[in-house]
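J.: Quick note, the sequences are listed as chains R and L, same order.
Throughout the first sequence, residue numbering follows my numbering, covering 1 to 114 in sequence.
Throughout the second sequence, residue numbering follows my numbering, covering 1 to 110 in sequence.
Heads up, some of the hints might be wrong.
Unchecked claim - Covered stretches of chain R (in silico footprint by chain L; criterion: 3 or more residues with CB under 8 Å from a CB of chain L, positions within the stretch not fixed):
| id | region |
| --- | --- |
| 1 | 27–33 |
| 2 | 40–51 |
| 3 | 97–103 |
No lab work stands behind these hints: they were computed from the structure.
Note that the structure is a prediction, hence the values are computed from the model and not measured.
Note that the Cβ used here is the ideal one computed from N, Cα and C, for glycine as well.
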Amino acid sequence: ETGVTQTPRHLVMGMTNKKSLKCEQHLGHNAMYWYKQSAKKPLELMFVYSLEERVENNSVPSRFSPECPNSSHLFLHLHTLQPEDSALYLCASSQDWLAGAEQFFGPGTRLTVL
Amino acid sequence: TQLLEQSPQFLSIQEGENLTVYCNSSSVFSSLQWYRQEPGEGPVLLVTVVTGGEVKKLKRLTFQFGDARKDSSLHITAAQPGDTGLYLCAGEDPGNQFYFGTGTSLTVIP
């Protein structure tokens with residue numbers, strides 16, 4: 001595998017379920033990101049990890065819980081989500097945590113909350 | 001929150017036509033990037049511009065950063081069906097915050 005991979009690609013869950021999204025980067029990068037992409041809205045940055053430490057949390061509801069066990073893996077744990085959380089969740093990585101650094105994105109997980 | 005407005009929001013053209021997509025803000029940006037996102041995939045970086053007035057060319061794509069570094073444009077010459085996708089601008093402000101634009105969805109009809 002090369003680049004940034006995400007699993008699952010599609011996920012349907014009920015509001016009472018608990019699920020996790022997984023991201024893996026094979027680029028040797030030090031920073032990883034979670035974004036939410038909804039229709040008619042700009043990409044929303046949710047979380048940033050640099051060297052496995054969370055460095056940014058943009059007022060994301062606590063029903064989203066990130067985890068970065070090492071520099072290659074990033075998880076987004078989901079629980080008691082709302083229908084408005086349905087969106088494409090994109091993971092990205094960059095060499096370092098710099099605002100203008102080139103980010104490499106995974107293909108995303110299409111999440112539907114019923 | 002900075003806002004990068006892109007126009008048009010949607011664009012559908014015939015193969016071979018030329019088009020321009022705009023990215024505008026009332027704020028100054030230190031640098032600006034353009035990404036393309038194809039259906040079912042994540043965005044892929046096309047170019048980064050950092051100097052006011054800078055023009056970069058990537059085959060049939062021409063990117064320009066405004067003199068005041070508040071706006072940018074992407075011009076595609078002789079569009080092809082493979083150019084279909086969502087075009088996103090993204091900027092870094094002087095406070096090192098990074099924002100994505102609202103996006104332009106382009107469809108090139110064969």
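J.: With reference to the structure, classify each hint as holding or not holding.
T.: Hints versus structure:
1. 27–33: Our answer is that it is violated, as 0 residues pass the Cβ test (under 8 Å) against chain L, missing three.
2. 40–51: This one holds; 5 residues, not fewer than the three required, reach chain L with a Cβ under 8 Å.
3. 97–103: holds (count 5)
Going through the hint list in order, the structure does not satisfy hint 1, though it satisfies all others.
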